[in-house]
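Chains as they are written, first to last, in this note's numbering: chain A, 1 to 247; chain B, 1 to 339.
Honestly, the hints are just simulated from the structure, not real lab data.
Fair warning: this is a prediction, and the values are worked out from it, not measured in the lab.
Quick reminder that beta carbons are idealized off the backbone N, C-alpha and C, glycines included.
Some hints could be false.
[What the hints assert, rightly or not] With beta-carbon atoms standing in for the labels, derived distance ranges:
1) B/Ser23 with A/Glu143: 50 to 60 Å
2) B/Asp90 with A/Ser191: 27 to 37 Å
3) B/Arg291 with A/Ser191: 54 to 64 Å
4) A/Ala211 with B/Leu51: 38 to 48 Å
5) A/Ala211 with B/Arg219: 56 to 66 Å
6) B/Ala250 with A/Ala203: 51 to 61 Å
7) B/Trp3 with A/Ser191: 23 to 33 Å
8) A/Ser191 with B/Glu31: 14 to 24 Å
9) B/Pro87 with A/Leu140: 42 to 52 Å
Letter by letter, the chains look like this.
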Amino acid sequence: MDPDTDIGGPLHKFPVTNHSAIVGARSDDQLVRRRAFDTILASYWKPAYKYIRLKWQADNEDAKDLTQGFFANAFEKNHFASYDAGKASFQTFLRTCLDGFVANERKAGRRLKRGGDMDHYQLDFATAEDELASHASTSLSPEDYFHREWVRWMFTMSVDALRRRCVESGRSIHFQLFERYDLSDDGASVSYASLGKEFGLDAATVNNYLAAARRDFRRIVLEKLREITATDDEFRIEARSLLGVIL
Amino acid sequence: MKWLSDDKLSYLRTIVGNPDFSSTKYTFVKELARGGMGTVYLAEDRELNRLVAIKVLNTPEVTEDLRNRMVREAQIIARLEHPGIVPVHDVGVLPDGRVFYAMKFVRGSRLDEYASQNAAQRDRLRKFQAVCDAVAFAHAHGVIHRDLKPQNIMIGSFGEVLVLDWGVAKILRTPVSSEADTLIMPPAENNNGEATTSVDTSHGTVIGTRDYMSPEQARGEIKQLDERADVYSLGAVLYFLLTNRPPAEAKPRSINPKVSKPAEAICMKAMARTSEERYSSASELSADIGRLLDAEPVSAYKESAIEKTSRWVSKNRFLVLLVLAYLLMRIFFVFTSRP
Numbered sequence: 001m002d003p004d005t006d007i008g009g010p011l012h013k014f015p016v017t018n019h020s021a022i023v024g025a026r027s028d029d030q031l032v033r034r035r036a037f038d039t040i041l042a043s044y045w046k047p048a049y050k051y052i053r054l055k056w057q058a059d060n061e062d063a064k065d066l067t068q069g070f071f072a073n074a075f076e077k078n079h080f081a082s083y084d085a086g087k088a089s090f091q092t093f094l095r096t097c098l099d100g101f102v103a104n105e106r107k108a109g110r111r112l113k114r115g116g117d118m119d120h121y122q123l124d125f126a127t128a129e130d131e132l133a134s135h136a137s138t139s140l141s142p143e144d145y146f147h148r149e150w151v152r153w154m155f156t157m158s159v160d161a162l163r164r165r166c167v168e169s170g171r172s173i174h175f176q177l178f179e180r181y182d183l184s185d186d187g188a189s190v191s192y193a194s195l196g197k198e199f200g201l202d203a204a205t206v207n208n209y210l211a212a213a214r215r216d217f218r219r220i221v222l223e224k225l226r227e228i229t230a231t232d233d234e235f236r237i238e239a240r241s242l243l244g245v246i247l
Numbered sequence: 001m002k003w004l005s006d007d008k009l010s011y012l013r014t015i016v017g018n019p020d021f022s023s024t025k026y027t028f029v030k031e032l033a034r035g036g037m038g039t040v041y042l043a044e045d046r047e048l049n050r051l052v053a054i055k056v057l058n059t060p061e062v063t064e065d066l067r068n069r070m071v072r073e074a075q076i077i078a079r080l081e082h083p084g085i086v087p088v089h090d091v092g093v094l095p096d097g098r099v100f101y102a103m104k105f106v107r108g109s110r111l112d113e114y115a116s117q118n119a120a121q122r123d124r125l126r127k128f129q130a131v132c133d134a135v136a137f138a139h140a141h142g143v144i145h146r147d148l149k150p151q152n153i154m155i156g157s158f159g160e161v162l163v164l165d166w167g168v169a170k171i172l173r174t175p176v177s178s179e180a181d182t183l184i185m186p187p188a189e190n191n192n193g194e195a196t197t198s199v200d201t202s203h204g205t206v207i208g209t210r211d212y213m214s215p216e217q218a219r220g221e222i223k224q225l226d227e228r229a230d231v232y233s234l235g236a237v238l239y240f241l242l243t244n245r246p247p248a249e250a251k252p253r254s255i256n257p258k259v260s261k262p263a264e265a266i267c268m269k270a271m272a273r274t275s276e277e278r279y280s281s282a283s284e285l286s287a288d289i290g291r292l293l294d295a296e297p298v299s300a301y302k303e304s305a306i307e308k309t310s311r312w313v314s315k316n317r318f319l320v321l322l323v324l325a326y327l328l329m330r331i332f333f334v335f336t337s338r339p
């Protein structure tokens, strides 16, 4: 490639992460595949459940069974290994598979029963149902709704991961400041100085701690994104969609 | 896990998207403009206690080679010390690997905003001439801009004219290397969707903004680009200033009848399809604009005898009025002094 015509030079490519669950889903190693599947399940079960409830108008019991059944079936038949990054994003692929699965189940008139010989995952459907009950009304299309819920879930998981990391590294106060300023509803209206008083810190330290927490949060979000994207391009596209930034 | 509302989600997306300047001497203030290739932020330089505009390039993971090249490029741009060229203060790499450039923060309005304020055509031409002079200075130092457009030109609070966004500039000649090179500074983009683009072609990569791009640049003939590609873009900027519209097939006078024939001719010569038919340099274009402003004949337009006379009369209006007054007085005296 002519370096003169290549913005960013020949080094613009983002390296493919070693921890991509999408890549792991194609592994011959059963353990690697299982880990990859767990990551995909953790990242998508909640948007999938809500999507089934909204688009397919399933009642909560039916939606629980369909969610469990979809992921169990996908793992058993290794569906995620057939994902082709050149055709669509993984998110679109998963949603299309989900639609196909639910349509087939409905067509066959089956009602999946939890238990039996199928894998059963510990998923917090009660919380998902509470969220649906309080925030169900939406003017979005089912596809946009799925995407928005996926983004929300990614950020929710990232906040949780940040909390764990801060606690484990003895920097709980970083998270507390982040939680107070960036997550609470009245946070942004509080000055650094008054926040400092609340936490026994000066304003400059509050600024530094908050900057560090946000930096960690950004890193966590991007790490999670790398885990569930297969290629550089997909990572970039998803980063743009998730964060509005282009990497 | 706490439920994140839509507003909170949007807020978190913003703070995560903002650059991390913690390893630099800058403090993030706010986002100024965002585009396909980079984002411009307002930041405070804590050491010098002043505001700067920082462009963050979208390219992550910079190696030593690329970093050295960027520093060299920044040095070349920094060497373009001209009142019409926005100065580069600093270049560096953020913790996430993205490269940034710190530049003077220019207060004022963009040329398109300035034009929308009904500025007189003569004032517009003077500003345009200042743009030509800045570009001519860069050309003299072997640098072509490649993305000249109204959105990349600022009119400062005191009427000063500044050419911004040397983000996709091409260095034709440098004292340190004869090799032609491409700057990779991120160009800022306006909020009107007239974004700088980078599109691959069979010849190379199309870099710039379609409406204001020379035909050879649109074809991706990167190696063939020279100063005349900027001359075309300057012509397109002049078209905009004459008509308040982005360049189109229609000639300026068909859109705005107040445009003089010589002004239109200058514009069309600068925007000629082939580079050979254009002005050979920005300074030549500037000189023609200067002649137009001084009501002198311009090189782009051959006047008829009537037009020549009309222009002479227009330029020497005071003298003509004086002579006319003298003649009228003489006539008056001749008639009144008759017995």
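Which earlier hints can't be squared with this structure?
1, 4, 5
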